[in-house]
Structure formats: structure tokens, C-alpha cells
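Enquirer: Read off the chains here:
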Amino acid sequence: MDLLQKDVPILAKIYEAKCFYDSQNNRIALYYKNHVTARTLIDFYNLPTTPPPNSSLYVIYDLQTGTFNVSTDPPTYTVSNSKVHVTSPINAEYDMDKVIIYKVSWYEIDSDYILTQLDTFVRKQQADIITATHVFNPTQPGPAFQLGPNAQNQLIRYLNADKVDGFDASQTPAPNTIPVALPTGKLDIGWLPDRRVDLTGATSDYNLQVGEEAIIRFTNATSVPLRIATQSGTYYEMHLVCSNAGRTTGAVEGPISLNPNNRTYSNAFVFSWISRNFSGLYSNYETRSAFICGWAFSNSTFYITNYTQYKNLKGFYEIYGRSNYFPAITVFSTDWRDTTTPWTSLGTITFPQQTSGYILVRRLV
Amino acid sequence: MMKVWAYIHPELRILCCALLPEAVPEGVEYVELEVETPDDVVYDGTQIRVKTEEEKLMEEKQKKLAELKNYVASLFRPTDYVVIRIAEAQAFGNRRIAKQLRQKYTKQLQQRQAIRQWNEQMKQAIRNAKTLEELRSMFIDFQKEV
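Chains as they are written, first to last, in the working numbering: chain A, 1 to 365; chain B, 1001 to 1146.
It should be emphasised that the hints constitute simulated quantities derived from the structure, not laboratory data. Any given hint could be a false lead.
Residues on chain A that point at chain B, a partial pick, calculated with CB under 7 Å [to be verified]:
{"id": "1", "residue": "P225"}
{"id": "2", "residue": "N259"}
{"id": "3", "residue": "R263"}
{"id": "4", "residue": "Y282"}
{"id": "5", "residue": "T348"}
In this text, a Cβ means the ideal position worked out from N, Cα and C, and glycines have one as well.
Required output: the full structure, derived from the provided sequences and hints.
Expert: Spelled out as C-alpha cells, the structure:
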């Protein structure tokens, strides 16, 4: 074999080319490596007929178009001004570094050698095992490779995908991370969103979602607006926790009320209660102008039903701050007997004296 | 003290006290008042106003008397069976058994008498109270041992 342009020094530095005759496939195989880009390429030319034995083949390969000219006749050409002028068997002109002119000698035909050489390349139409680590580095920014339609939505075995849409996965909660179940099959609790909203000092009604809870803190207050929007068909759990010191004196006798829609409705409520304090057991059934949910200083737990046609508070509270209390327990239920007025704002809690503490409201339905 | 905006509900025709100014329905006439509790506001048929001290005192007395009545009933309840047994014996004309029961339950009967006396004293004290403070400082608590 012979690279006929070896008398052109600059070209030899750019390309290293080898050309073989593959007798099994009756074709010419051209391997060439560009030393500038460090890329090795292969191209084939299927011969229309089997070349005569003991003869040489001459190859003119246009690097720009990837076209072969193969002939048993030696080409005639001249080199001048960085151009290669071919006059036979074709008439053409090439840039010096855009053409390979090669002589393939008959004695070089060695199909085993060619097959061995082929193993060093990735063949386009034959499955091979690639043991080398290849780098996909496009000449311009862009995807390293693409999948054809037949490969879409196909599972790739053993592929431990590092990221999905650019995010890592983890069992440990972290920002911008995809959650993975623990060995128990459950997610770490830290993945779940904080479902508490602080409505202390809110100035407009918040639309509490199912499962979400609100906290409202208050200090020395006689009136605490909850600032929670509500509607027919909702259901809530509420905890009213007073932080005033536990004692048997100092509290004013009087109700702690939940005023729906932030207002009273004169004598529209009925309050039923049973209470046990130091002195004994009491009960009553009385008309009120708001829901009653505590007395004096209280720690109260109750549930709120809001249907426009049926509105109720029921629960229990501990009373302290009076001589007969600390502790005292009251079980109660209050109905708003109006069946047509919509309850749209959960309302305002009023206390019989300045009270401190917090209120937790969790929407269940 | 807290501020309330009192008005007559246009549909329900009842007194309402808004605890926030925006809780007053649009276009409704209201009265702005400073009160200890919304329960201090009253509509007397002609105007919305704060209850007078006398009205509050009367209301508080009623509550206190109701509380006392409730309490005294709970004190009597554990020994009601004594009175019932004696009354039954008398109803059937069995004076001897009635007398025996009175002797047997002397202590309980004396206690009931003491409760009744205490109840009368308390009722009188409530009725005689001149101020809310005086009324609120009264504790309804019978602890007399017989």
C-alpha cells in the first residue's frame, strides 16, 4: 500500500490513511485518522466487479463529499499552490488536505487482517461489545446522543440513571431532590410539606385547605379574630390553649365565645353543658348570642361542623382561675339554630378578660 | 374593653355585634360601642345601646340565682332517697316506719335543713347585692358539715 501523496508534507501531518481490499465483500475499506481532530473514520466502496488478480487498485477519495474513484489505472496528477490537480482517470481539482490518493497492492489483500482491523471500530449495522470508555463530546453544545423512535420508552437494563430531569434522588429529604422510599417502604416524614400556617396578626381571611392547620397566638387579648374563611360542608378540629398561670383566683366568670362571621347573633345559639367542679356536678341548657367554647380561663378542645343548615360546636374544656375550678371539666355542645345564614368566616374568639395563649385550627373536611 | 359595631341584621331582624368593622354588612346602619363583652349590648325596641349597670346587675343576679338553684339541687340529690322513703311511709299511713326512718336518717335530714337555710341566705345575699363586683365575688359553695 502506498499513500501516493506522501511527497506532500503538510498533508501527511493531517491524515494517516490506510486502504485495503476486502475480498470477502469485494469492496475497498478506507481508514483515515485526522491528527487535528483525533478522529478515526472508515468508509467503504463496493466494487462493481472483482478486480483482476495481481493487479493494483488506485483510490482517489474526496474527503469533502466522501466519494470514491477506484481504478486499476494509476492516476495522473500534479500538486501546486496547495491544490491537487487530477487529470486521469478523472479530471478534478482538490484542496491539498481534502483528498486521499492511495494505491492498494494485490498482495496486501488479507481479509483476516481486515476483520481484525474492523474489531477496533464500532460497526454501524452489527452488534458489538464496546469495552472502551467513550467520550461523547459534540463539537458544538447539544445533546451527547439521541434516541431513535424504536428506542423511545424502552427500559435500558442495568442503567443506574444518575438524574431525572436534572434532579438527584435520595432517601434523605433535601432541596431539589427526588424522594426515595426507606427500606420500610415509607417516605421519610421530612419529605412532607409543613402543613401549618401562622395566622397571627393576619388581616384577611385565609382559605385553610383540608389537612392544613393554622396557629394563632395571642397575648393579653379579649378578642382574637381567627381570620379563616369557611364554607358549608367543612369540618374542623380546634384547640384553644390559655397560657395564663394555673390558679384558683383571678379569673372573671364569663364565657369564651366563638363569634361566627366575626359577630354576635342575639339569642340565636343554644348552649348545653355538663360540668364537674370542686363543689359538684352542674348542667344547664341556655340561650346565647355566640358559640360558647370555654369559661373564665380554659383549655378547650372542640369540633366545628359547618353546614348552612346545621352549625355546631361540641367538645370539652377545663376551667381554671376561680375558687371552684382548677381543675373543672365541662362537656358541651352549642348549636347555632339559624338554618339559612351561611357561615363564611370562622370568626372571632372573645374572652371575658385579657387572656394569652394560642389557638390551633385543623381542617378535617 | 373592646369595640363592637352593633346593628340590626337586615334579614334576621335580630341584634348583631360585629367584632371587626368589615363584619358589618354593607349599607347597614350601625352603632359603634365600647363594651366589656358583646353581651353588654342590648336593643330595647327603639335603640341599640349598652346595658345600664342596673340592667347588668339584674341580669347577673338572675344568672347567679340560676347557678345557686342548680347547685342546691345537686346538693340535695344524694339524699333525696331519704325524703322519698319517709314520704312513701307516710303516704301509706305507716307512721311508725316513718318515725323510724326519720330517726335513722337524722344526720341526712339535718344536712338538708342546713342546705336549705344556706340556700335562703345565699338567695338573700344575691338579691341584696348592690354592685357587679360584689355579686361576682360571691362563691356558691356549701361546705357546712353537720
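Enquirer: Could you tell me which of the numbered hints above are not met by this structure, giving the numbers in increasing order?
Expert: Violated hints: none; all satisfied.
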